[in-house]
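Q: Chain by chain, the residues run as shown.
2 protein chains.
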Amino acid sequence: MRLLLVSNSTQHGTGYLEHCESAVRQFFDGCRRIAFVPYAIADHDGYAANARKKFEEMGFSLVSVHEGDPCATAMAADGVFIGGGNTFRLLKALYDTRLIETLRARCGDGMPYMGTSAGSNVATASICTTNDMPIVYPPSFTALEFVPFQINPHYLDADPASTHMGETRETRITEYHEENRNPVVGLREGAWLHREGDSLTLEGTTGARLFRRGQDAEELETGADLSGLL
Amino acid sequence: MRLLLVSNSTQHGTGYLEHCESAVRQFFDGCRRIAFVPYAIADHDGYAANARKKFEEMGFSLVSVHEGDPCATAMAADGVFIGGGNTFRLLKALYDTRLIETLRARCGDGMPYMGTSAGSNVATASICTTNDMPIVYPPSFTALEFVPFQINPHYLDADPASTHMGETRETRITEYHEENRNPVVGLREGAWLHREGDSLTLEGTTGARLFRRGQDAEELETGADLSGLL
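Which chain is which? The protein sequence lines are W and Y, in order. So that you can map any letter, position 142 of the first sequence is 142 in my numbering, and since no number is skipped, the others follow by simple counting. So that you can map any letter, position 108 of the second sequence is 108 in my numbering, and since no number is skipped, the others follow by simple counting.
Be careful, since some hints might not be right.
Since copy identity is lost for identical chains, a pair holds within one copy or between any two.
Said to hold, decoys possible - Computed list of lysine to aspartate or glutamate pairs in EDC-like fashion (alpha-carbon distance at most 20 Å, straight line):
1) LYS54 x GLU18
2) LYS92 x GLU179
3) LYS92 x ASP43
4) LYS92 x GLU178
5) LYS54 x GLU67
6) LYS53 x ASP78
7) LYS54 x GLU21
8) LYS53 x GLU18
No wet-lab data here; the hints were simulated from the structure.
Let the hints inform the model, and build the full structure from the sequences given.
A: Below, the structure written as structure tokens:
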């Protein structure tokens, strides 16, 4: 299995996918046609146009699954990219279109899968550590299960100067562990996970936090070998 | 119907329920026994002890629904208070215990209902505008439906200096309106809604934002008459 699971599609002050562009080029090297899944955003056409522009710049052709039969498009592609937006809307669409089964089959067979933000959430065991509002009700929170752990994208360290009384991100993840057992990787903006078969590595520039039930959080630095999480 | 729907139980720098204490005392005036619903937090005993201490200080007796038969406890009480924590965990417990039906019946008959944070979310049409992580899967996002609109508690205005690329609260509510029609009241910390029959008023000190599908957001000041939302 080959995965590139990115925290955020756009880093502050740079263009769309610019901060991870060399990783994306390398990851999809040898692929001609990338299937794009736009369902996390309401405007599928606009979202696909934006993604196509960037992927064509990088030398790939991109076809959005909403432009034809979603599963047939995914079957005919060399790689898949699921972009960010609302995770609940995205997961519900993966079930509604049956892409959930098609992607499990294709990516289980080695088709490279890239996700950003919500697209990284749905690659994991479940969407139970998304930051998004539950704007629609999916038939399950179980996701593609390409890895047996959780990602929290856009991970934010607590601000000690804050007077806001809403839960910090770490408190929310602690609540997740009151009810569930999977480890959670809090991926800061600027970081991503790269899986090649049995190997999993933390890449990017900003690091991550690893949360395990009943244990203190652990700081992970760029380059960390996380294969033990697989 | 009588409702007191508070954004946050604790205001920065003050004690538990201190910022809304005089409103709570007035709201429950004439009640002897308050049923407390602790299910949003994992530690029911600790949470109930904390709430009991505050309610006894205010001159009420408090019994937590987890200490006996939840529906019988709610039936025998003069008022109900649902505290904050994780909204998904809370709503799932309301369904699992069948409190959802009991509270609809009792509060429909005029029993006063107070909620803070998640307890305010579940009083509305649905939990679709909670800020919480979906740590458990409830059988539905439909909530108690005591009002035909949504609340977003702990509402946060966007910080123009932020470099974080995760969605702002307003963007998340816009996503809600891409999929749903109910108005959303973004209740800042320090604000609450007070319903007496057909009258609904914004109280507290910090105001709120009203979001309607397809319209610009509207600033609401303390004292605003929101009866038109009922």
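Q: Confirm or reject each hint.
A: Going through the hints against the structure:
1. Within a single copy, LYS54 and GLU18 get their C-alpha atoms as close as 9 Å, which meets the 20 Å cut-off; across copies the closest is 53 Å, which misses it.
2. Proximity of LYS92 to GLU179 under the C-alpha cut-off of 20 Å is restricted to the inter-copy arrangement: shortest distance 12 Å between copies versus 23 Å within a copy.
3. Within a single copy, LYS92 and ASP43 get their C-alpha atoms as close as 16 Å, which meets the 20 Å cut-off; across copies the closest is 32 Å, which misses it.
4. Only between protomers do LYS92 and GLU178 lie at most 20 Å apart by alpha-carbon distance; the minimum there is 15 Å, versus 25 Å within a single protomer.
5. Proximity of LYS54 to GLU67 under the C-alpha cut-off of 20 Å is restricted to the intra-copy arrangement: shortest distance 18 Å within a copy versus 58 Å between copies.
6. Taking the shortest alpha-carbon separations for LYS53 and ASP78, only the intra-copy value of 18 Å comes in at or below 20 Å, while the best inter-copy value is 62 Å.
7. Proximity of LYS54 to GLU21 under the C-alpha cut-off of 20 Å is restricted to the intra-copy arrangement: shortest distance 9 Å within a copy versus 55 Å between copies.
8. Proximity of LYS53 and GLU18 under a CA criterion of 20 Å is satisfied intra-copy only: 13 Å inside one chain copy versus 54 Å between copies.
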